[in-house]
Amino acid sequence: MDRQESILPCNANSAIHIDAERWLAAIVESSDDAIISKSLDGIITSWNAGAQRIFGYSADEVIGKPITVLIPQDLWHEETEILERLRSGERVDHFETTRVRKDGSIIAISLTISPIRDTAGTITGISKIARDVTEHKKMLVREAASHAEMLAERKFRELIESAPDAILQVDSMGLIVLANRTAELVFGYSRDELIGMSVDALVPEAARSGHAAHRQAFEAAGESRPMGLGLDLCAVRRDGTEFPVEISLSPNRTEGGINITAVIRDVTERKRAEQQIHSLELSYTAELETRHKEAERLNQLKSEFIASVSHELRTPLHTIIGFAELLGEEGVGSLNEKQRRFVHHIQTDSEHLLGLINDVLDLSRIEAGGLVVQTEALSLQTAITEAVSAIRPQVSGKQIVVREDQIPNAVVVADPLRVRQILYNLLSNGVKFTDPGGEVVVTAIVDGDAVQITVADTGLGISSEECGRIFDKFYQVGYTTTGVRQGAGLGLTICKQLVEIQCGRIWVESEPGKGSRFHFTLPALPNVTRITELPDVNQ
Amino acid sequence: MGRRLTGVAIPAESKRILIADGSASSRDLLRSILEACNYIVEEAADGAQVLEIVEVFGPHLVILDLQMPKLDGYVTAAALRQIPRLRQTPIIALTAAFTQTAPDRISGAGFSGYLVKPIGPSRLRQCVAKALQSG
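Chains G and B supply the protein sequences, listed in that same order.
The first sequence begins at 29 in the numbering used here and counts up one residue at a time.
The second sequence begins at 307 in the numbering used here and counts up one residue at a time.
These are computed hints drawn from the structure, not numbers from a lab.
Note that the coordinates shown come from a computational prediction; the quantities given were computed from them, not determined experimentally.
Misleading hints may appear alongside valid ones.
As the list claims (entries may be wrong) - Pulled a few chain G residues facing chain B out of the computed Cβ check, cut under 10 Å:
no. : residue
1   : Ala191
2   : Val360
3   : Asn364
4   : Ser378
5   : Glu379
6   : His380
7   : Leu382
To be verified - DEER-style ranges, computed between Cβ atoms:
no. : chain 1 : residue 1 : chain 2 : residue 2 : range
8   : B       : Gln439    : G       : His320    : 35 to 41 Å
9   : G       : Ser336    : B       : Phe363    : 29 to 35 Å
10  : G       : Gln328    : B       : Gln388    : 32 to 38 Å
11  : G       : Glu528    : B       : Gln388    : 28 to 34 Å
12  : B       : Ile346    : G       : Ser336    : 52 to 58 Å
13  : B       : Ile359    : G       : Glu340    : 23 to 29 Å
14  : B       : Ile359    : G       : Arg420    : 38 to 44 Å
15  : B       : Arg387    : G       : Pro464    : 18 to 24 Å
16  : G       : Ser336    : B       : Gln439    : 32 to 38 Å
17  : G       : His320    : B       : Ile359    : 48 to 54 Å
18  : G       : Pro464    : B       : Ile359    : 51 to 57 Å
We put the beta carbon where it would ideally sit given N, CA and C, even for glycine.
Chain B with its partners taken away, still in its complex shape (with noise of 0.2 Å):
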């Protein structure tokens, strides 16, 4: 799929991101523009999920939905970190309420960044390729 995508370099070794979030469409959203890159994703759609598949999966970048049912992004950042493999990893944030958003809170919780939805390809490309590279 990815392969028609020019401009973007393809990774010599593909990289494992996990993507939470509670809504369907934009899960699909999300692995739809990542999987265009090369990337081996899995989905989870709320913070207990990625708990349960993180440890099997083993994601070189974590993506959580601050808002999600059961266990909430915020918290679900916080077990990770607690996780010594998933110490380093990066976790970026995506939040739809930028009212809601403090910085401040968000890397407290252990995210390394975050992104304001509505996330275009070109943004989210951009970002998780940032990401990968400093983590």
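Chain G extracted, bound-state conformation (with noise of 0.2 Å):
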């Protein structure tokens, strides 16, 4: 045949041309690929045993059938490219695709295709081999997996143990099954040790008991959860030492059950961090309580050195003023109008003094929070009447008129003692600031659950900028009626303390040149205005 002329080396014996036939044939047959030749115009002309195994078609089912009937529709392109190829003289090798076998199953083939020539050279046919690779394709996806199931495998190990947890995986029965190098260092004990083992051993003796039934339950449950919460957990290393550890455990189902997966993180550096950081807290808190009692003591002290220095100030000046009290009674023997004129020079100016000393120490004693209050129910006339009659030994001589007027029959809740102390620094005020015929007035109304009482003038007035400073300490109204400058200026600031302290208000009204009022508040009882008789709560 012309053709395989074409393929072997030309040998004149016919015989042995004859020869090489039958020797080409049964290659062709005895070979594991098909091999099959076509026609130019797509018409299968040979097929061989290989071709019926891989395909399913009989060579007389195909031969004369076009070569489409092996190629899957979506890929019949492919036949028009490959011609294209071969008829430009070339050959096409290990042309990887897929074909259809006659029970309709997609093969993967590689195929080797070259045309066939008549002994002109003219491309009369292609010859084409095909071999299946299909399990050729299966055994290299199988081993791409198999290769990417091991890194997978590996990089998963790799974060196992370069974690800086322990990580612990324990079977159904709690023995230990993977542990990672974290797992050796935190518990001491090699990798070798640990498998195998039971879990129960890196619990303290005294939780052991209890943690195969934790470990059952949570198998029950089945849901990751942190380990313990709430609870400070230890673990126990080789060495039998015990350290803080916190748990999550999360369960893995497999064949042999659920298997249970540990992180353990050691946590003694940070429990270590929290008891610097509560000891740190306890000394600032003694350092405050120190600083606290400290602070007390020194309170403490003060209260005594005012009280002290009340005893020593009070001790000379009460012989002071008794003696010149004496000495101006004449009782001890007459006196002539210079000595009685100097005898009343030192009466006046020592009771200033005690006045004095008096302000001051009320107001040392307020800032100290020494002062305390005693309310009680007081007759809100009774205080009023004695604080006048107190003050009228002061008016005697000035021609200055001190009266109350339309005083409610009420009941304030107030310290007496202090609500005199007040009542007599305004009306005290009120006659050193107010010229001869002139007068000083006490008024009150009750207003809601309070009492509101003022003490009135006609004297110089205050200029509404000292209104505003005028109860501030040691702030001194410009110059009384007499010209000089007298008090501390604490008066004021002392009342004010006072009246708050009993938790009232006061403020002042005023005008330069037509007087001042200064109210006060004071709480008082409800519905006594009608009660008439009180008790004189001031004995």
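With the hints as a guide, bring the two chains together.
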């Protein structure tokens, strides 16, 4: 056959020629690969046993049929392209594609396609060797998959190995089946020792008996969660020492049942830090307490100092005032006009000094928090009448009228001594700043659950600028009618403190030249305006 | 001395008053005021002296300063109350520091009343007269 001639080296001997043809046919028939030839218009012209095995068609079934019966429809274009390349004299080697078997299954094949030429070299047909590479492909996929699996496994191992926390996996019997590097370091066992060991051995003895039950309960619940929430967990090392841990658990389903993966964090350092913070807190608290005590001690000292000063200053004043008064009575002998005047100066100035000392001491005590008011139900009328009569000696000979006007029958909740002090201070101020012929009047009104008491004078008055500062410590308003500053500038400050300590407030209204009106409030007992007779609470 | 004083009744029978104060000038003041009223006055500089002379003197009234050396006023008053003769005798406390004065403590020590210094003549006379009446 001409066809064979083109393939084989030409030999003139026909016997050899025939032998060669048979030899070739035997090779073709025995090949595992499909060897197919087709005409240029795609009609199958030869079909070997390999082709039958691979594609499922017998030679009788396909010879004379178009090659496209083997090609999936969506790949028909391939055939056109291959034909193009062959016509231009090219070969197609190991072209991987898919084909359709007789039973419709798709197989992967590798094609080697060459043109067949006649003796003149003209292409008369096409030979096609197809190898079924389906299994090979599958194998490759399997290999790739197992490689990927291996990589993933390695990555996973590395992840577990390099984890900063100890990781243990425990089977349903409580035996350790997996342990990472950190677990070795944390617990002090080698991995070989850990694997197969009961996890209970890592639990401190006190908690060991209950651990198995906890494990089973966790298995039954089958949910990831932190272990022993809110408890201080401890684990035990190989050398028996215990250390604090935090553990989170997660279940893993395996063929052998549920395994538990435990991620165990050694929190020794953190606990130590917490301990340090705690002890710092404690020492700060102790420090604060010490300072607080020191402050209290100093306050106590201050109170004692005030009391002592009070005693030391009053003792000599007592005799100065007493003797001046005694001399002034002239019981021990008559005084001439000059002597009488001198004694009077001693008397008034020593009384003034006493007032200053009292003011300073009062303010010190108020500021030290040492002034305690003893409030009681107090008749407003009694309090005001007493204060007015107490101020009268100051007024005698000054031609100033001091009086009370329309005091309601109210009962205030206040400290009688302190109310008298407030009224005395306000009245005394009024008298000091009022010219002869003027008057100082005390009035009061009941206003809801409070009583408002007003001390009004017809004196010099205070500028609005000064009204804002008048209750400041050591602030003194201008000059008195006698042209001298009197007092230490503490009277109104003390009044303010005393009023506020008794839950009231104090303010002033004034106009220069028209006098001043000092108001203060005190809490009143409700519905007592009808009570006409009250016990004298000042006794 | 007291004869020149007007307005204060001179007692028919002179009463004996014991005054105790650490300050000599204070004692002199009290003595001067009270002798002017014809009272018989004896002085003590501290609580210990009070206890020494009180039985011999037999006062109708005792005035004790609270802040005295040796025995203070509180202790002295309590000691005086142990003496049967003085169980009903009025004892008046003197104090220079009202801040230190707790009325409860004063009455608890056996005092009949108290006076806060400075004490002028009129206040002392009134207080003494009232105390002697009730005592």
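Hints, verified against the model:
Hint status for Ala191(G): violated, given a least beta-carbon distance of 73 Å to chain B, over 10 Å. The interface hint given for Val360(G) holds, since its Cβ lies 7 Å from the closest Cβ of chain B, which is under the 10 Å cut-off. With 10 Å as the threshold, the beta carbon of Asn364(G) stays out of range of chain B, its nearest partner Cβ sitting at about 16 Å, so the hint is violated. This hint holds: Ser378(G) has a C-beta 8 Å from the nearest C-beta of chain B, less than the 10 Å allowed.
Interface hint status for Glu379(G): upheld, as the beta-carbon distance to the closest one in chain B is roughly 9 Å, under 10 Å. Interface restraint check: His380(G) against chain B, minimum CB-CB distance 13 Å, threshold 10 Å, status violated. Taking 10 Å as the C-beta contact cut-off toward chain B, the hint placing Leu382(G) at the interface holds, the least distance being around 6 Å. Between Gln439(B) and His320(G), the C-beta spacing of about 53 Å breaks the proposed range 35 to 41 Å.
Against the hinted window of 29 to 35 Å, the Cβ-Cβ separation of Ser336(G) and Phe363(B) comes to about 32 Å, which satisfies the hint. The given range of 32 to 38 Å is respected by Gln328(G) and Gln388(B), whose C-beta atoms sit roughly 33 Å from each other. In this structure the hint that Glu528(G) and Gln388(B) lie 28 to 34 Å apart at CB is violated, the actual value being about 47 Å. Between Ile346(B) and Ser336(G) the C-beta distance comes to about 35 Å, which lies outside the given range of 52 to 58 Å.
Against the hinted window of 23 to 29 Å, the Cβ-Cβ separation of Ile359(B) and Glu340(G) comes to about 28 Å, which satisfies the hint. For Ile359(B) and Arg420(G), the Cβ-Cβ distance of about 42 Å falls inside the hinted range of 38 to 44 Å, so the restraint holds. Our hint of 18 to 24 Å for Arg387(B) and Pro464(G) is violated, since their Cβ atoms are close to 54 Å apart. As the Cβ distance of Ser336(G) to Gln439(B) is approximately 36 Å, the hint placing it in 32 to 38 Å holds.
Checking the proposed 48 to 54 Å range against His320(G) and Ile359(B) shows it holds: the Cβ atoms sit about 50 Å from each other. Taken as a hint, the range 51 to 57 Å holds for the pair Pro464(G) and Ile359(B), whose Cβ atoms sit roughly 54 Å apart.
Of the numbered hints given earlier, the model fails hints 1, 3, 6, 8, 11, 12 and 15; all others are met.
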